[in-house]
Amino acid sequence: MDEANHSVVSEFLFLGLSNSWDIQIGLFVFAFVFYVASMMGNFLIVLTVTSDPHLHSPMYFLLANLSFIDLGVSSVISPKMIYDVFRKYKVISFGGCVAQIFFLHIIVGVEMVLLIAMAFDRYAAICKPLHYLTIMSPRVCIFLLCAAWILGLIHALIQLFFVTKLPFCGPNVLDSFYCDLPQLIKLACIDTYRLEFMVIANNGSISVASFFILIISYIFILITVWKHSSSGLSKALSTLSSHIMVVILFFGPCIFIYTRPHSTSHLDKHLAFFDASLTPFLNSVIYTLRNKDMKAAMRRVCSQLLVYRQIS
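Its first residue numbered 4, the sequence shown is counted upward by one per residue in my numbering.
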């Protein structure tokens with residue numbers, strides 16, 4: 004039968020996170036508070052880095068781009084999730100579902116490459132300090148950013164190819180609050196066994212490989228510092244600890260969700276909820292609270308904004 008005749012589903016129905024109204028209100032408050040906080044925090048980082056000349060360096064250039072991506076992470080999932088709390092029927096159109104998957108994976112792909120670029124930046128700064136500005140020249144920074152977006156786009160297009168090839172002929176209920184491949188392929192009118200392993204081969208392997216590349220690179224940096232100066236190890240560890248925390252927060256849920264075939268989405272969706280709500284906020288907090296220069300620059304920016312507001 005023709006593939007187009009199979010795809011008669013025009014919308015999908017989310018089951019959401021809970022049937023209890025009290026729990027839904029609690030989740031709404033939690034998601035709304037952290038959505039606003041993450042948007043404000045990451046926007047402030049982008050504004051601070053772009054406006055403060057003291058932060059015009061490769062490290063902060065990459066950090067500002069990571070915060071910009073975190074703005075996208077919050078915006079792709081959280082607004083509809085918050086809005087759906089008050090809807091009896093949590094519906095998303097087929098096109099909206101495809102768009103959510105596409106933008107989610109382009110953002111995730113970009114963030115993966117940016118985290119690897121930030122690890123390379125820390126390697127150059129700690130292990131090659133005399134050649135740091137040569138290694139991380141403006142041209143290299145722009146190249147890394149362009150590579151991140153190109154690879155993110157390629158990754159998202161692969162997901163788009165998966166989705167458009169799936170035939171849907173009836174079932175349209177997703178035990179989730181957002182669209183993604185692991186949940187969507189379970190509704191396809193074909194044997195999904197091979198598709199689930201294709202998702203693992205694509206998303207799962209990329210997540211695991213990127214995670215181990217980052218962890219190994221940080222271990223290599225610490226070993227290199229320890230060999231040259233044992234006293235500098237604690238300083239390097241303090242510098243890298245924020246990066247390692249962000250890597251674990253980002254890759255932990257990705258590895259858990261995308262490396263288990265035939266997994267039930269009941270646990271996945273709760274992990275995804277906290278990942279979508281909390282991680283973008285924690286990223287901004289981790290990178291600012293542990294960075295004296297960033298905190299000082301933020302105070303200057305906030306002071307300038309207050310003065311400007313009083314004058315106007």
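Honestly, the hints are just simulated from the structure, not real lab data. Worth double-checking, as some hints may not be accurate.
Unchecked claim - Ranges of calculated distance between the beta carbons of each label pair, as one might list FRET restraints:
#1 CYS172 - TRP229: 15 to 23 Å
#2 LEU225 - THR167: 39 to 47 Å
#3 ILE219 - TYR92: 19 to 27 Å
To be verified - Calculated pairs, BS3-like style, for lysine-lysine (alpha carbon to alpha carbon, straight line, at most 25 Å):
#4 LYS131 - LYS230
#5 LYS238 - LYS168
#6 LYS238 - LYS298
#7 LYS189 - LYS93
#8 LYS83 - LYS93
#9 LYS168 - LYS189
#10 LYS295 - LYS131
#11 LYS91 - LYS168
#12 LYS298 - LYS168
#13 LYS83 - LYS189
We treat Cβ as the ideally placed atom computed from N, Cα and C, and that holds for glycine.
Exercise for review: Could you tell me which of the hints above the structure violates, numbers in ascending order?
Suggested key: 1, 3, 5, 11, 12
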